[in-house]
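One letter stands for each residue in the lines below.
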Amino acid sequence: MMELRKTLAGRIALTAVATVILLFLALPIVVILVTSFSSNAFSAFPPEVWTLNWYKALFADGSKWPAALSLSALVAALSTVFSLIIGVTAATALVRSELPLRSAVFALVLGPLLIPQIVTALGLFLLFEPAAMLGSPIAIALGHTVLASPIAVLILIATLRGIDERLEDAAASMGAGRLTIARKITFPLAAPGMIAAAIFSFITSFDEFYISQFLSSVDTVTLPVQVYNSLTFEIDPSVTAVSAILIAFAILALGLVALVRWLGSGRQQSLLSVENTVGVANPGGDAV
Amino acid sequence: MAATLTAGAPGRPRKLLASRRTRVGILYALPVVVYLLVLFVYPIFSTLLLSLKNADGSLTLHWYADALTGVNLSVLFTTLRISAETAVLSLVFGFVLAQAISRLKPLWAGLAMLVVVVPHFVSALVRTYGWIILLGDKGLVNETLTAMSVPGTPYQLLYNELGVVIGTTSMMLPYTVLLLYGVMRGVDRRLLAAASSMGAGRVTIFRRIYLPLVAPGLASAGLLSFILSLGYYITPALMGGPNQTMIATLINQQVTKENQWNGAAAQGVILLVLTLAGLLLVKLVSSLGASRKKRSAS
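Chains as they are written, first to last, in the UniProt record's numbering: chain U, 1 to 288; chain C, 1 to 298.
Please keep in mind that the hints were generated in silico from the structure rather than gathered at the bench.
Please read all numbers here as calculations on a predicted model, not as lab measurements.
Glycine included, each C-beta is placed from N, C-alpha and C at the ideal position.
Every clue listed holds true.
Computed footprint of chain C on chain U; a stretch qualifies when at least three of its residues, placed anywhere within it, have a C-beta under 8 Å from a C-beta of chain C:
#1 116-130
#2 249-258
A few chain C residues facing chain U, derived, Cβ under 8 Å:
#3 Tyr35
#4 Phe40
#5 Ser46
#6 Leu50
#7 Val96
#8 Pro119
#9 Ser123
#10 Trp131
#11 Leu173
#12 Gly231
#13 Ala248
#14 Asn252
#15 Trp261
#16 Gly268
#17 Leu271
#18 Thr275
When you get a sec, could you build the whole thing from the sequences and use the hints?
Spelled out as structure tokens, the structure:
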């Protein structure tokens with residue numbers, strides 16, 4: 001397509017360099033997945049002896065991991081709920097209404113994504129410390145929501161923009177009330193986006209480190225903080241297994257988002273195609 | 001109801017509808033605005049206030065003086081240096097990779113993009129740990145180099161600046177690749193073809209046509225990775241040595257170990273100001289780019 005001559009040597013060089021850069025991105029993840037099954041958890045790649053010991057050690061007596069995992073899951077679930085409430089209302093306001101100061105509201109929403117997380121975490125620490133709320137799962141979840149809700153808002157804005165408003169107008173013209181329209185038209189069409197927003201909010205909270213570290217106490221340590229601690233203070237080989245589980249979890253979540261998107265993509269099209277066929281006013285005939 | 005109103009006065013219902021839509025908008029915007037004002041804006045303002053307060057509550061600038069002298073100043077310079085190195089490297093690698101991907105067939109491009117995007121969603125902590133395993137004295141990298149009988153192995157790849165920059169670059173790379181890929185897809189290939197048809201060589205085309213077209217994108221991608229690196233904590237703390245202490249590490253130490261909140265607050269504000277200055281530059285560059293694009297199109 002391009003009119004420039006491509007030299008073979010140039011193409012090979014570009015491909016080789018690109019492959020190396022891709023390896024640069026993928027290797028840290030691959031090495032953890034492999035090493036987590038290795039008898040030597042810290043080095044020696046590829047492993048000489050394969051084992052499941054590190055996974056078993058996670059759930060051994062006295063292990064700190066189950067508590068950290070359940071705390072992180074609880075916090076992530078809470079902040080997912082908060083983020084979805086904020087996300088749905090904010091996206092509705094930004095996309096489907098006349099909002100004064102719209103760009104200011106939008107800038108406010110983007111703020112937490114652009115400002116260094118350590119600054120946000122420090123501010124939250126100064127907010128919750130005097131309230132004696134350090135270590136409270138609610139406080140950590142509220143903090144994570146500051147980071148997770150903007151992501152939910154952005155995803156839901158894209159979702160709402162993608163929904164054809166004529167479908168809602170059509171339902172209204174046939175006498176459907178606002179609640180019925182929301183329940184029967186908007187919600188089913190927005191569901192894939194909402195699931196995506198929920199999954200991304202959950203991951204954001206689940207992986208969040210800065211806020212968790214500032215707001216945690218000795219008894220409430222989230223999974224990432226525990227991973228950090230075992231990398232710096234206490235050498236715990238199980239950290240490899242935990243890391244591998246976190247990777248698997250992230251890939252699973254992304255796969256789930258892709259699946260939901262794929263399942264949802266057919267839905268609006270089928271609704272719209274019905275509308276178009278009606279528009280042609282000759283269903284079953286020789287439509288264009 | 002709507003029908004009778006429309007029949008009656010065409011002007012009024014629109015205004016009525018607009019005001020209803022406005023009211024609904026304000027109502028729906030309330031949760032996010034209130035939430036972020038209380039848990040994001042207010043805490044940042046109290047950080048700012050704390051950074052200006054003495055122990056007795058009087059106003060002072062001495063926390064800033066502290067933050068900008070001695071060891072703290074050198075930490076600030078280290079932060080700027082590592083961020084700049086990271087920005088340059090992730091820009092160069094990102095440029096090459098985005099360039100390669102934009103030439104691939106859709107299937108391969110999709111797969112390559114997957115390799116770029118998936119790591120981005122894996123916790124930075126986990127990826128940093130992966131690098132620690134890879135770069136150790138007996139890690140894959142050194143073992144491979146030894147097997148290839150490269151002289152001087154094992155290299156010290158961890159707990160120094162090289163280690164930190166490798167780590168942070170790999171964290172920033174997904175951003176630059178995605179941004180640059182978008183910019184490159186937006187380049188009108190006909191312009192290159194036109195230059196070629198008029199006899200311009202490859203180097204001339206790249207320098208005179210392609211680079212000016214992607215330059216604003218390059219600048220904002222570089223600036224963005226610079227800004228994002230400024231506040232980085234995990235990778236420098238785990239992969240660096242004492243000479244790679246970054247400002248975020250210092251903030252963290254002062255809060256969790258030394259109970260020195262005022263100093264931490266002042267450094268947080270400095271970090272914030274640097275970030276905002278960077279964001280302002282990004283905005284400037286992108287509006288510059290937009291005007292240039294308009295001119296080249298006309």
